[in-house]
Each structure stands twice: as C-alpha cells, then as structure tokens.
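> Please take these sequences and the hints and turn them into a complete structure.
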Amino acid sequence: MATALAPVLFDQVEEALKDVMDPELGVNIVDLGLIYDLTWDDENNALIISMTLTSAGCPLTDVLEEQTAQALDGVVDAFRINWVWMPPWGPEKITDDGRDMMRALGFAM
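In full-length UniProt numbering, the protein residues as written are 1 to 109.
There may be inaccurate statements among the hints.
Label pairs and their calculated CB-CB ranges [claimed, not checked]:
| hint | residue 1 | residue 2 | range |
| --- | --- | --- | --- |
| 1 | T3 | A108 | 39 to 45 Å |
| 2 | A108 | W83 | 25 to 31 Å |
| 3 | N44 | E92 | 29 to 35 Å |
| 4 | E92 | P7 | 22 to 28 Å |
The set of hints was computed from the structure by calculation and includes no laboratory data.
Positions of the beta carbon are idealized from the N, C-alpha and C atoms, including for glycine.
Have a look at this one:
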C-alpha cells in the first residue's frame, strides 16, 4: 500500500531529484514537471516515483533511471519508477524555475 511521504523526506527526495537532468532539454525533471507524485510503498519499503516523459516514445528511460539511482543514493534505500502517461505532459507543467532555466538555454518560454 502506498502512503504519503513525511514532509522532511518529501523535501529531501525532491531536492535530490533536481540533480536528474532531462538528457534532451538539460533541465531537471522536477522543474520540467515530469514528477507527478512521490509516495512510499510500505510493503516493499521503497519510494514510488510516479513520473512521465516529455514524449511517450522517449528512448532515454534507462538514462533517467540511472541518474535517479545516483541522485537518491543515501536518501532512500530502494525506489521504483511508475511511468505515467495520463495525463500527458505539457509545457504548462514546467515550474517558474524551469521556465527560467529553459530561457537561459535559448528556448522561448
């Protein structure tokens, strides 16, 4: 059964995930709005990351999973990514910080 993360752990996980960069856009997955939910799997004692991609056909899931494992090392002992396709990602999910990062990279926002 999945439960909500304690606020302190939620903040630690979210901050760690800001080190995971979308390989194509060069902006972290949190500020891109790719993270839909963070919960805890009590049965398996693991973090569940519900996230999406900017495109369902993105071939870089392995890269994101490796980066996620590195970012969460020392934060949680185990995690799994639950890939979510509905609702689909759209640019409206990008945070203000993400928009600033994309503008700095030359994207019109």
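> If you check each hint against the structure, which ones fail?
Per hint list: zero violations.
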